[in-house]
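Got chain A sorted already, so can you dock chain B with the ligands onto it with the hints?
Okay, here's what each chain looks like letter by letter:
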Amino acid sequence: MILVYTEINKGKVKKASLEAVNYAAKIAELTGSSVTAVAINADAAQLEDIGKAGAKKILSVKNDALASLDSMLISSAVEQAAKAEGAKIIIFSFDITGKAAAPRLSARLKAGLVAGAVDYPTVNGGSLEVKKNVFSGKATAIYSINSDIKIISLLPNSFPVKLGDNAATVVDFTVELAASKIVVKEKKSTDVAGMVPLPEAELVVSAGRGMKGPENWGIIEELAKELKATTACSRPVADMHWRPHHEHVGQTGVAIRPNLYIAIGISGAIQHLAGVNGSKTIVVINSDKEAPFFKSADYGVIGDAAIIVPKLIEAVKKFKVNQN
Amino acid sequence: MKILVPISNVPDTTTKIAFTNGDTEFNAAGVQFIINPYDEWYALVRALELKEAGKAEKVTLIHVGLTDSDATIRKGFALGADDGVRIDAEGPDAYFVAEQIAKYAKENTYDLIMTGKETISFNGSSVGAMIAGFMDLPLVSLATKFDLEANKATVEHDVDGGTQVVECELPLVVSCAKGMAEQRIPNMKGIMSARTKPLTVVAANGAEKLTNIKSYTLSAGRTNVKMIDENNMDELVNLLHTEAKVI
Ligand SMILES: Cc1cc2nc3c(=O)[nH]c(=O)nc-3n(C[C@H](O)[C@H](O)[C@H](O)COP(=O)(O)OP(=O)(O)OC[C@H]3O[C@@H](n4cnc5c(N)ncnc54)[C@H](O)[C@@H]3O)c2cc1C
Ligand SMILES: Nc1ncnc2c1ncn2[C@@H]1O[C@H](COP(=O)(O)O)[C@@H](O)[C@H]1O
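So the protein lines, in turn, are chains A and B.
The opening position of the first sequence corresponds to residue 27 in this note's numbering, with each subsequent residue numbered one higher.
The opening position of the second sequence corresponds to residue 581 in this note's numbering, with each subsequent residue numbered one higher.
If we strip away everything but chain B, and leave its shape as in the complex, we get:
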């Protein structure tokens, strides 16, 4: 049983976002990059727990990106992933990224692919479902609990208006959300071994990009908060009605 965990390389959650080149490119200068939180805390940590419980033999990271992502992949090694693959090409077009990952996964036969529910950079929630589409595999999205008995996965996941528990035979793609696992801090042994774990770089092949980003605009922040006296809630309600027109 081998698990493939696609991870994305994203700016740290507290990053102040800026753009360059006439607002056509993200400005990465001075930005701290991390493993996308959903991929790390939920997909990867749960995959590692399955391995520790003897339910999986190997956890492989895969990333579509350029060499500046290698440090992020090695953070995943420090947490305990066995090895990693980087497909040497730029995203973020989800179709392109997913086709690359699906091709690799097909050639190297994985039983379980665990993605994050979305990246905090491009917020597409798309790559996992696309991988499932390319591989003609079932998908359980927004998984909050996952367990495995032999070849059968039991997954709790979010649906409209609630949650449901489903069963599905492997091979399977799951997108992981909060609840799957708890965040881990890498230990010294993990950090030491991260440097020597195998990271294979593969050239991209074939796939096309079907979308591209023409320009970015920073969201306008709110600048003038109107302060209201705590003894004048009538005024607040009145403003919500007449000025904001929301009630």
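So that you can see chain A by itself, here it is in the shape it has in the complex:
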């Protein structure tokens, strides 16, 4: 039995969680097993989506204490589910909750963990072999997990979400939880209305110090809006407060792997690349034909961003009209 943890965010099952259910379903296929999902405070429509993503059974946990997503409690809930179901393989997304709850569960269950898998595992006798990125995307490694219980967390955006017509059996599941030791005092949202959060974004428009100043970001935002993309930036841009910190991508910021990454006025330093080189397609717009980023790009345009970006916006608009 493969157990998978799922999470609700803003009224929907997180995309990263649906990816994790798809991933678990594929592993179930490989190992001749089936998938049970743990869903926390999910409503009927959300449970339906988890079923469509491939869960045969859902343990539906209703418990207000879990709403704060304290990883100590989440890990405990998943541990109880794993024990009740006799799970041998447990799947998380390598998202904020998964980065905190999966390792804790690993310690609790003495279960080997591969954190940030990028591909399906291969089954090798009693062990699983799993590929993950290492050295900030400069290489991949194959890990084998040798413990009886195994945990894998899946790097978001590694596979597109597939929803079928499977309907899961939903079972109410009660968990015993200790009181959280963490008291939430204040929450600040960095979500921009209508914009997909950066870690989940499939299209990203990013800009760097080549933009010269925050007052020039209008064209970046407009291009992002036309493409329905999310905006990002290089580190110096966030450090100088031209843009908010949550937009900073790279080794010290958010690591992303969208389908399309458009880098405008960014030189392509190795620490920047470390956070974006997993992108499927990279477009670089830079006035310096020697900019290192061109060596890591699929498409390049040499020239002044102030002139090129407005032309690109026009081209995208024209494309959209022709599509309709």
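Honestly, the hints are just simulated from the structure, not real lab data.
Treat the hints with caution; some may be incorrect.
Here are the simulated lysine-lysine pairs, BS3-like style, with alpha carbons at most 27 Å apart [stated by the list, open to error]:
no., chain 1, residue 1, chain 2, residue 2
1, B, K825, A, K207
2, B, K825, B, K806
3, B, K686, A, K254
4, B, K806, A, K306
5, A, K188, A, K238
6, A, K78, A, K114
The structure displayed is predicted, hence computed values, not measured ones.
Quick look at chain B with the ligands alone, frame taken from chain A:
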């Protein structure tokens, strides 16, 4: 109040990565090793600031690794850490590393454990949460601001779609990200005293490795960038649609 800072020894960020032994081992020849940036800039520097503010008495570094890491630990001494412990065993299995650190921390009672958010070598983001798991302590992950009043920590940290401020009584494990502190350069006094600060070497005991790395592959770089004329953005959009199939 004692703070334990687990630090990792990693290749400098600009290192060109290579492997040896049939791609089963990292090739360390000629590589410059540093303290993992998150551990140094954020966890360690913030721990030192707490000590300087009179909120902590002692900052101890802990590292699981072999003797070739000693120079890196001493860099942490130069920045101001009081002493250090090296558990003499090889990583990188996070379960193994975390169990070793947790055992030491339990025996020597620390109030606060500050890790980096992840290593730039194996990118596991796992060791901090595992230490918390072994010690049954709360964890605040991805902390960007941290302060302490008596026994209570106030922490700002990243959550999905934003940030939140939480309070938690010590003992506590925090994983540290950008924002916690500013990078420091060691001064002459620090560098001089680094040589004489106590570095205790402890044998590993008991723990098992639950994962191991079978092989590495260098990521294929992009080799043929297609250049597009700045006056032909229609072509770029067209290629993104028909060739790359991303829009
Ligand atoms: C340990 C460490 C961690 C780091 N982590 C990160 C990280 O996470 N993320 C990150 O981004 N950086 C990181 N850095 C910094 C990184 O090394 C670079 O300094 C940074 O990425 C440079 O940002 P930039 O490309 O915006 O600016 P610059 O390097 O100044 O490049 C600006 C670019 O804009 C181009 N340009 C100028 N004018 C125009 C114009 N009119 N039109 C078009 N193009 C123009 C220039 O040709 C140039 O290529 C890190 C550094 C270290 C040491
Ligand atoms: N070998 C190690 N010795 C001590 N601390 C470590 C070691 N490896 C990782 N850490 C700590 O755990 C954090 C997360 O590491 P990781 O789980 O490997 O991404 C790092 O930022 C360090 O603070």
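Worksheet item: Hint by hint, which ones does the structure fall short of?
Response: 1, 3, 5
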